[in-house]
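Student: One-letter residues, chain by chain:
Number of protein chains: 2
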Amino acid sequence: MPDQTTAYTPTDRSVPTRDRERASYERAFVHAILDEAYVCHLGFVRDGLPVVLPTLFARVGERLYVHGSTGSRPLRMAGQADPGLPVCLTVTHVDGLVLARSAFHHSINYRSVVVQGVAHKVTDEEERRTALDAIVEHVVPGRAADSRPANPKELAATAVLRLDLDEVSAKVRTGGPNDEPEDVGLPHWTGVVPVSKVYGSPVPADDLAAGIDVPDYIKAL
Amino acid sequence: MPDQTTAYTPTDRSVPTRDRERASYERAFVHAILDEAYVCHLGFVRDGLPVVLPTLFARVGERLYVHGSTGSRPLRMAGQADPGLPVCLTVTHVDGLVLARSAFHHSINYRSVVVQGVAHKVTDEEERRTALDAIVEHVVPGRAADSRPANPKELAATAVLRLDLDEVSAKVRTGGPNDEPEDVGLPHWTGVVPVSKVYGSPVPADDLAAGIDVPDYIKAL
Numbered sequence: 029m030p031d032q033t034t035a036y037t038p039t040d041r042s043v044p045t046r047d048r049e050r051a052s053y054e055r056a057f058v059h060a061i062l063d064e065a066y067v068c069h070l071g072f073v074r075d076g077l078p079v080v081l082p083t084l085f086a087r088v089g090e091r092l093y094v095h096g097s098t099g100s101r102p103l104r105m106a107g108q109a110d111p112g113l114p115v116c117l118t119v120t121h122v123d124g125l126v127l128a129r130s131a132f133h134h135s136i137n138y139r140s141v142v143v144q145g146v147a148h149k150v151t152d153e154e155e156r157r158t159a160l161d162a163i164v165e166h167v168v169p170g171r172a173a174d175s176r177p178a179n180p181k182e183l184a185a186t187a188v189l190r191l192d193l194d195e196v197s198a199k200v201r202t203g204g205p206n207d208e209p210e211d212v213g214l215p216h217w218t219g220v221v222p223v224s225k226v227y228g229s230p231v232p233a234d235d236l237a238a239g240i241d242v243p244d245y246i247k248a249l
Numbered sequence: 029m030p031d032q033t034t035a036y037t038p039t040d041r042s043v044p045t046r047d048r049e050r051a052s053y054e055r056a057f058v059h060a061i062l063d064e065a066y067v068c069h070l071g072f073v074r075d076g077l078p079v080v081l082p083t084l085f086a087r088v089g090e091r092l093y094v095h096g097s098t099g100s101r102p103l104r105m106a107g108q109a110d111p112g113l114p115v116c117l118t119v120t121h122v123d124g125l126v127l128a129r130s131a132f133h134h135s136i137n138y139r140s141v142v143v144q145g146v147a148h149k150v151t152d153e154e155e156r157r158t159a160l161d162a163i164v165e166h167v168v169p170g171r172a173a174d175s176r177p178a179n180p181k182e183l184a185a186t187a188v189l190r191l192d193l194d195e196v197s198a199k200v201r202t203g204g205p206n207d208e209p210e211d212v213g214l215p216h217w218t219g220v221v222p223v224s225k226v227y228g229s230p231v232p233a234d235d236l237a238a239g240i241d242v243p244d245y246i247k248a249l
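Sequences listed follow chains U and Y, in order.
First residue of the first sequence: 29, per the numbering used here; consecutive thereafter.
First residue of the second sequence: 29, per the numbering used here; consecutive thereafter.
FYI, nobody ran anything at the bench for these hints, they're computed from the structure.
Don't take every hint at face value.
In this list, chains with the same sequence are indistinguishable; a pair is considered to hold if it fits within one copy or across any two.
What the hints assert, rightly or not - Using 20 angstroms as the maximum straight-line C-alpha spacing, the simulated DMTMM-like pairs for lysine to aspartate or glutamate come out as follows:
no., residue 1, residue 2
1, Lys225, Asp123
2, Lys149, Glu208
3, Lys225, Asp63
4, Lys149, Glu210
5, Lys225, Glu64
6, Lys181, Asp207
7, Lys199, Asp234
8, Lys181, Asp211
9, Lys149, Glu182
If we strip away everything but chain U, and leave its shape as in the complex, we get (with noise of 0.2 angstroms):
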């Protein structure tokens, strides 16, 4: 049984059917997979049929929160499940290609979370404003302090979603290709082509006005 003030405790759902040495119940290691992430996949079952959408999300300790028009979908029916929508909420990096002599041994090298439970629609107003502030910094740290809060108007036709940090499991692949020793022969190059995500020069609104510099937060990225 692991530590539970350091690892997440596996279960029936949380442990991968294939390549459980790969995987990870670490909270230390799975913040930091959710923290390099802001878009995540989140599935739910609609009419008894799945359904996965990309959307933002945000960490506040032991908690993720996604947001969305009150209008949507998953938000919509969150509201009026009772006692909350089973969602799976997914975040994956690709860290790299890895070409092995084999057709057979080719992957990739990733960081992925699977994180499983009742996502519960957020009614307490701090809350709210805590988690939307959360989405934003999550994009660009720095910058909830540095934009207009959101008016009650805005607040009204936004929904939140919380869902706890409880079956949680992280998954890894990192490394060289696995060839088998009798491929080692063969005459193709093997190795990893490593795999990142970069940001290129922010660019300023048609509207924005003179003399408004890029703050140091963004050029941070």
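Got chain U sorted already, so can you dock chain Y onto it with the hints?
Tutor: Then chain Y, alone, in the frame of chain U:
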């Protein structure tokens, strides 16, 4: 009614509830978004609950293929399910961070495709080989011909699922922030920070023999 030769027919499920002006059903546009990605997020329902897993995929004409170990959960489930496994396959590219003057109008420039349908296990050996080659080619064009093809044992250990492109929609956001007219005078920097994917220098495997250079199709990444 859009021309079915150039566009997918919108359905109740494939028309988004929000931001309909961002939706597209054009086949060429959908194909381009799919082909630029190699990882998708595959959603399915297990015991009534949603599961979303990242996985490699490829497109061959109007069909998508995913593969995995015969022991992996969705592939086993699709093999058992009759007439197949309902899935939602979603692909997302993040193109930019949209920093508005108001927290509310912060957004992401993105291109996404959502495919809904029923995945079937592929049993025809020729189609299986075509699909597996396509998945390798999808990650690195040119690689399928420059690696050892799967042998019978490897083929027997690999399951392939097919999902027809039928109920499909793309969604895209481009351009700058959409601030409220009354916010234009606020002192916050506003614009877009472009985001893109880059490849690093190929890292050869530890056991790569001397004299095997990085092939041109990898340099072309």
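Student: If a hint holds in the structure, say so; if it doesn't, say that too.
Tutor: Comparing the hints with the structure gives:
no. : hint            : in the structure
1   : Lys225 x Asp123 : both (9 angstroms within a copy, 10 angstroms between copies)
2   : Lys149 x Glu208 : neither (50 angstroms within a copy, 27 angstroms between copies)
3   : Lys225 x Asp63  : both (14 angstroms within a copy, 18 angstroms between copies)
4   : Lys149 x Glu210 : neither (56 angstroms within a copy, 30 angstroms between copies)
5   : Lys225 x Glu64  : both (11 angstroms within a copy, 15 angstroms between copies)
6   : Lys181 x Asp207 : between (59 angstroms within a copy, 15 angstroms between copies)
7   : Lys199 x Asp234 : neither (42 angstroms within a copy, 24 angstroms between copies)
8   : Lys181 x Asp211 : between (64 angstroms within a copy, 15 angstroms between copies)
9   : Lys149 x Glu182 : within (17 angstroms within a copy, 46 angstroms between copies)
When held up to the earlier numbered hints, the structure conflicts with 2, 4 and 7 and fits the remainder.
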